[in-house]
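Undergrad: Single-letter residue listing:
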Amino acid sequence: MTNFIDRRLNSKNKSTVNRQRFIRRYKRQIKKSVEQAINRRGVTDVERGENITITKKDLSEPVFHQGKGGIKDRVHPGNDQFSTGDRIKRPPQQQGQGGGQGNASDSGEGDDDFVFSISKDEYLNLLFEDLELPNLEKNQLDKLIDYKTVRSGYCAEGVASNIDIVKSLQGSIARRIAMTSSKRKKLTILELELAALIADKYDHIQEIKKLTAEIDILKSKISKVPFIDTFDLRFRNYTKQAIPTSKAVMFCLMDVSGSMDQATKDIAKRFYILLYLFLTRTYKTIDVVYIRHHTQAKEVDEEEFFYSQETGGTIASSALDLMVNIMNERYQASGWNIYAAQASDGDNWADDSPRCKQLLTESILPRARYFSYIEITQRPHQTLWQQYQEIAAYTEHFAIQHIKTVEDIYPVFRELFKKNNNKAA
Amino acid sequence: MAKCKPLSDQGDWNFDLLNQYQTEIARVAKHYRLATYPNQIEVITAEQMMDAYASVGMPIGYNHWTFGKKFIQTEQNYKRGQMGLAYEIVINSDPCISYLMEENSMTMQALVMAHACYGHNSFFKGNYLFKSWTDASSIIDYLLFAKNYISECEQKFGISDVESCLDACHALMNHGVDRYKRPQKISLEEELQRQKDREEYLQSQVNTLWRTVPKNNDKTNQTKATFPSEPQENILYFIEKNAPLLKPWQREIVRIVRKVSQYFYPQKQTQVMNEGWACFWHYTILNHLYDEGLVTDKFMMEFLHNHTNVVAQPDYNSRYYSGINPYALGFTMFIDIRRICEQPTEEDKLWFPEIAGSNWLDTLHFAMENFKDESFISQYLSPKLMRDFKLFYLHDDEKESYIEVAAIHNESGYKKIRAALSEQYNLSNLEVNIQVTNADIDGDRSLTLKYTPHQKVPLADSKDEVIKHLFTLWQFDVRLVKDNENGQEEVIAQYPEPNSPLENE
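Keeping their order, the protein sequence lines are chains A and B. Numbered according to UniProt numbering, the first sequence spans residues 1 to 425. Numbered according to UniProt numbering, the second sequence spans residues 1 to 505.
Bound conformation, chain A alone (with noise of 0.2 Å):
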């Protein structure tokens, strides 16, 4: 007795679950490991997802076993050389395999790494955990409203250009059924009749003429039906749906007068990453711009923002300017949803600095989503960081942040998009 089944298109992710609980329990390493893969990482590269590496000691299902050493008495095949009581030299103990010549290790327990890939989502949402957008449910609809036409059924009126001519043929066809059946049925009826007196033996002339007289008025009746009528018509409707956008502008402003190291850039550069992975978990299509400055501000692509070396004094406030100019060109339209980051060591020609906090909050802080600002420097904060302080303190969609070294990347990122941020101003 035997029974085949098909169990092909059973669900095939038996393993889930499991593949979770191993996440969940690894949790810390994976972290770990996800948080190291980001510096590997251009900005704007996200579509893939990250290689985890957990060392298999941590992995480990320790069991009772059978060590190194003691008597090992091994049978093995493919003898070609030795004859009994044949010593030979101990070959030097490796680590892993024991290579057939009697070394009995079995169990050799490599030091490799284990490593497995997770997909694109689950990196961003380890990197991600307990973050949120901030500000993004209180003016979700006030502002990131887009519209798209889509059909919506079928309307008695409209446009000749939208006649859905197969919807209209139904109805004509229905109406002329409806309209022509009663006749119809009489008109049978009749044509009966007319073939029972015709096939009769006798004559009945007087009938005949009457009843063929009636066929004609029915028939003349039936075919006075119209074909199509405006009643028929149906037009394809189309409505407008509110859409939220999924457009963003991320604008990543960063001084790179002389007193900015390539250490500094480099840890910007880490923040950017994270802001800008962080925003596609969001948005779909995102714009990057990128503005550098010393004494003059000038928009540049990645390569040029990170790497080259610049020196002079600091004007920050020619980086906003530019940055106001930008967003009134090409990113006036109420679809776009503007970000912006900006990086400094703090220095900036003293003069220059309220007016940094002028254009902020006339011309950024009203349309922007959240600007955030960090200052990455050993030193005591100058004027820009007292300036922005004033701002952060009454604006809530204006962040700033302190970054002393590499290490600070990640959890000041985090403080900035914690969930419920209470800003700490």
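The hints are simulated quantities; they were obtained by calculation from the structure and are not laboratory data. Some hints here could point you the wrong way.
What the hints assert, rightly or not - Straight line, CA to CA, 25 Å or less: simulated DSS-like cross-link-like pairs of lysine-lysine:
{"hint": "1", "chain 1": "B", "residue 1": "Lys70", "chain 2": "A", "residue 2": "Lys56"}
{"hint": "2", "chain 1": "A", "residue 1": "Lys120", "chain 2": "B", "residue 2": "Lys456"}
{"hint": "3", "chain 1": "A", "residue 1": "Lys247", "chain 2": "A", "residue 2": "Lys284"}
Unchecked claim - Over 10 Å on every C-beta distance to chain B, these chain A residues come out as not near it, computed from the model:
{"hint": "4", "residue": "Val75"}
{"hint": "5", "residue": "Tyr154"}
{"hint": "6", "residue": "Ser161"}
{"hint": "7", "residue": "Thr188"}
{"hint": "8", "residue": "Leu190"}
{"hint": "9", "residue": "His204"}
{"hint": "10", "residue": "Glu214"}
{"hint": "11", "residue": "Thr280"}
{"hint": "12", "residue": "Pro354"}
Everything numeric in this text was worked out from a predicted model, so none of it was measured. All C-beta atoms in this analysis are idealised placements derived from N, C-alpha and C, irrespective of residue type, glycine included.
Given the coordinates of chain A, work out where chain B should sit on it, guided by the hints.
TA: Just chain B, lined up with the frame of chain A:
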């Protein structure tokens, strides 16, 4: 023999064709008196095969991260092309479930059906270990019960608590087996019915055991009785029945792991025989079909190509060598037994007087039914086979600076090699011998286990971690001791670590 019209050997299979082959294979299997459970053949995809791998052959597994880890490992290896997937997985159940991979060609499906559905299946049904230690008809039900019970526990007591309990049990899984006592068979209804009663009963037993009544104390002191009165090899069983602080649901989980371990125990003991038997029958059945003209030359070429890959034995100095291939050894031994029956040489008559010249089918069935790897090898490994394999026996004593070739495939070495190879498959030598010797029920409730080394082989370092797991179950001091050279017990691992050196009694 009248030649029949051959079955189609098209590369692609379909259910119609599967059925035709199956019918023919079943007919031949019956001709050779292979008694099987009814077959349930399930066709699955590669992904599903990886799922099956991850749950270590259990068709229904409870949820635990270790299966996730296995799945990720399998998937990773498979994706990188480091390993192919097995063509089939077969489960010792009634009906016997076999998984066939969708990717297999028709030839492979036929090979797999002969191998799993008639080879393994008849082994499960016929071998004495499986007959007396596992109950094929109830295993699916039991696993279902276990899965539901554990997920219920997770809801009631939280995933983390259940997980740590399972972790601890898994660490001791190899020590949850009754090696000599025959276990009770298990079935779902009984299990559900008894589970509630057992919960209460067990707890009351434990409470009685741990009740501190002074009078009792005096009595035990008088008789100097230790508890347990005999050393216990089944550590998980001992924990389930006697651990002082375990909650009823934890005891049940210990029991589930124990039962699963017991279920797989016969498979560990019969690897060579089981695979050898299955290989012998797919080889014999398909050749029989070929002789009848039912399968084509093309079919046979593909089949033999795969078959030889499976039963190949690389030499010790080959880079592919990783110990003796159980498929190769088992298959060759069964073929050899048939040869001894049908064409015995003078040597065979001397070595195997009782089977030389006997009916080969009777002899083979007898061998399959009544042995496990260890006894099978010591009974049937022939000098000819040892010569064919060029077996040699290395004696490696840590104390010496060299490894000695203790025997090779010659007249004086046959018996030694056979004995050594048989020992190599003796699970009680491979698995470490650790027994519960004392639970201090009147004192500090500490638990003492004793390690008895086999041939002076020490325990691996993982023992410290395992002891920690044992501690999570026992929840009082746990120590592992071993007799040293003077015959005194010395502690080789304990948890929690003592701050001051332990005082000897």
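Undergrad: So which of those numbered hints doesn't the model satisfy?
TA: 2, 4
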